[in-house]
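As given, the protein sequences belong to chains A and B, one line each in that order.
Going by my numbering, the residue at position 207 of the first sequence is 207; the numbering climbs one at a time, nothing skipped.
Going by my numbering, the residue at position 47 of the second sequence is 47; the numbering climbs one at a time, nothing skipped.
No wet-lab data here; the hints were simulated from the structure.
Backbone N, C-alpha and C define an ideal beta-carbon position, used for all residues, glycine too.
Warning: the hint list may mix true and false statements.
With a Cα cut of at most 20 Å, we get these calculated EDC-like pairs of lysine to aspartate or glutamate [said to hold, decoys possible]:
1. B:K365 - B:E420
2. B:K282 - B:E385
3. B:K372 - B:E395
4. B:K365 - B:E296
5. B:K347 - B:E382
6. A:K221 - B:E100
7. A:K139 - B:E61
8. A:K139 - B:E28
9. A:K139 - B:E100
10. A:K221 - B:E296
11. B:K365 - B:E255
12. B:K148 - B:D189
13. B:K365 - B:E395
14. B:K372 - B:E385
15. A:K221 - B:E103
16. B:K237 - B:E259
17. B:K365 - B:D299
18. B:K15 - A:D229
19. B:K282 - B:D381
20. B:K111 - B:E100
21. B:K262 - B:D392
22. A:K139 - B:D29
23. B:K246 - B:E61
24. B:K273 - B:E358
Quick look at which bits of chain A chain B covers, simulated, 3 or more residues with Cβ under 8 Å [as the list claims (entries may be wrong)]:
25. 21–28
26. 100–112
Partial selection, computed: residues in chain A whose CB lies under 10 Å from chain B [what the hints assert, rightly or not]:
27. L136
28. E169
29. R172
30. Y230
One-letter residues, chain by chain:
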Amino acid sequence: MLQPLFLTVVFTLIFGKFAQIPTEGLPPLLFYNSGLIIWSYFSSCFTGNASVFTANAGIYQKVYYPRLINPLSNCISALFGFSIQAVFFLGYFCLYKFIIPTATPFEMTWAMLILPLLILLVASLGLGMGLWMSVLTAKYRDFNQITGFLAQALMYATPIIYPLSEVPEKYRFWASLNPMASVVETFRFALLGKGSFSLNLLCYSAIVAVMLLLSGMFFFKRTERRVVDYL
Amino acid sequence: MDGSLAIQATNLSKKYRLGTIGITSLREDLSRWWNRGKNEITDGGSTQAGIEHSRMINDHEFWALHDLNFEIPQGEVVGLIGANGSGKSTLLKILSRITEPSEGEVKVRGKVASLLEVGTGFHPELTGRENVYVNGAILGMTRREVDKKFDEIVDFAGVTDFIDTPIKRYSSGMTVRLGFAVAAHLDPDILIVDEVLAVGDLRFQNRCINQMQKIAQSGKTVLFVSHQMATVENLCKSAFLLDRGKIIYSGFSGEVINEYRKTMNESFSLSLKERKREGNGKCKLVSFRITNQDGEQVDSLICGKPATLALLFEVHTPCTSALCLSLGISTANRHRIAHLCMKTFGKRIEPMEQNTFEVFLHLPKVELNQGKYYVTSFLDDESGEIIDWVVDAFELQILESDFYGTGMIPKSDQGVILMEHSFA
């Protein structure tokens, strides 16, 4: 739960102070924190569910209930962590808004209204990918190693430590293919008024999320029927 | 499916793999694919110790269950018996939807609760109260249902004083009792219970059996696995006998249990001389015979009548000290009910020259109810060295009779011992 907070401090020092990656004029702390809290929710949904079969093997072998309950409850309980981090963010927000003067003004925008939808989108993306991963790790144990690596790689591919606008023009299309890119950008746009809002990209993310989720659920259901035989 | 059925299985089969094929890692699968055809990887070997040839499909697969067809009517309490590895647990897992059959199908009508393990999902850090709710939820109870039965559950488990203590501080017996108590208060249409009553002390076991009886009487379908034949006989109207993945016998529980005993007691077909035994082998019990009061040789004893048992021993190495024989009599469920020993009367078998000797046991009045009993023979010498010890050496068949002379013949289920008594 404290991880995003810790990462924010590290990022502020390394990328903000030393590497001086631009943060669209925002205080680095706010910039990184806003990206990290939504990312960490995605990440808990993803990595938390990646080993759901192996983690619950003991219960799965002894009692039947719809196995999908476990991934869903993981996503819901991760919301608690997210809310606590959101409260911290509000603290920094007020700190920079009212006490510490900043060069560029920032404010929350109308996009706050779609925040619930945005969170649902993040949950679907994380759950979808997590379900896929859980199916793979149930069959092949070595996929457990890949989960952490994949989450890390995806984090650097997502505009968290840099704004999407800083990505060179010719790569921007490829960066936008990452469904989390538009989500983080929109989240930042909602909270701080910086970043970008693109309905097209959001729709694209939503389509990817639905596809991941449906296919993930399909394979998850298929796996659960006999998974205890080889867990 | 017929409306009166709770469970119907058709051509139900379950295949399991031996060794580790298909479970491991992508790397291994890839290398197997890469090496395909080059040299066949033999995994697990082709000689599978312990699994009968008839159950093997090929080198690395076998039938845990093969082609099962059965129906269980609603409201019936059915026992499932069979030796270890006969497929009982696999069948329960399929019926409780934990895993799927490889072939065939099973139709189940109504809400199923399965109790394959006591206290599934108990968390050691949570208190007893919290665990009751967690466990109840896992087994399919709503919060309100648990609320309603909470006091009953805690009372049944006998952990009232500890209910707000973390489970990790519980004794193992308390944990198990709490686990069973939750399950016993489920309200399913079909209850599936694996061998879980073996835990807990005797008092708790009795309480569990009472509770199961109560569930059975309330019209629920119960499927019950146990190795305790007495419990199965008590609790279940009918039973299935599983052997090597097949149902080889089904019917009234009494009949099925007899059949099971027959298969388990195949060693009885061995002559007494060749039976497995302990001792130094100087003498061996080789045969026995029963004679009635008229000195005629008979096959069985009759309640209330006198009889004589003659046990013939062969001497392989002459003994120098006197010998002493004791006989233990057990019920068919292997409860020892009597111990008859020469020492009690200061009798002994003096050392002798002959190659054989016979010991006679005289029973002035057979005080056992009709049924089957087993006799264990134990021969030792004066120093206490065991000479010949044969567990369940032979079977005694006791036939019904008018023991009390009142015209009322004691039935087979009316106890084991017949004793003289009168009411005033």
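For this session: Mind checking the alpha carbons of K246 of chain B and E61 of chain B for me, to see if they're no more than 20 Å apart?
Result: Measuring from Cα to Cα gives roughly 16 Å; hence the hint holds.
Exercise. Taken at face value, is the distance from the CA of E382 of chain B to the CA of K347 of chain B at most 20 Å?
Worked result: holds (12 Å)
Problem set entry | Distance restraint between K282 of chain B and D381 of chain B, which requires alpha-carbon spacing of 20 Å or less | Roughly 11 Å separates the two Cα atoms, so the pair holds.
Exercise. Going straight from one Cα to the other, do K273 of chain B and E358 of chain B come out at no more than 20 Å?
Worked result: It holds: about 15 Å lies between the C-alpha atoms, which stays within 20 Å.
Exercise. Are the Cα positions of K282 of chain B and E385 of chain B separated by 20 Å at most?
Worked result: Distance of about 11 Å is within 20 Å: holds.
For this session: Mind checking the alpha carbons of K262 of chain B and D392 of chain B for me, to see if they're no more than 20 Å apart?
Result: holds (14 Å)
Exercise. Within 20 Å, alpha carbon to alpha carbon, are K237 of chain B and E259 of chain B?
Worked result: holds (15 Å)
Exercise. Between K372 of chain B and E395 of chain B, does the CA-CA distance stay at or below 20 Å?
Worked result: Holds: K372 of chain B and E395 of chain B sit about 7 Å apart, inside 20 Å.
Exercise. Are K15 of chain B and D229 of chain A close enough, with their CA atoms no more than 20 Å apart?
Worked result: Holds, at about 10 Å.
Exercise. Between K148 of chain B and D189 of chain B, is the straight-line Cα distance small enough, at 20 Å or below?
Worked result: Judged against 20 Å, a Cα distance of about 19 Å means the pair holds.
For this session: Measure nothing beyond the straight line between the CA atoms of K365 of chain B and D299 of chain B; if it is 20 Å or shorter, mark the hint as holding.
Result: Holds, at roughly 17 Å.
Exercise. Hey, K365 of chain B versus E395 of chain B, does the alpha-carbon distance stay inside 20 Å?
Worked result: holds (18 Å)
When held up to the earlier numbered hints, the structure conflicts with 10, 11, 14, 25, 26, 28, 29 and fits the remainder.
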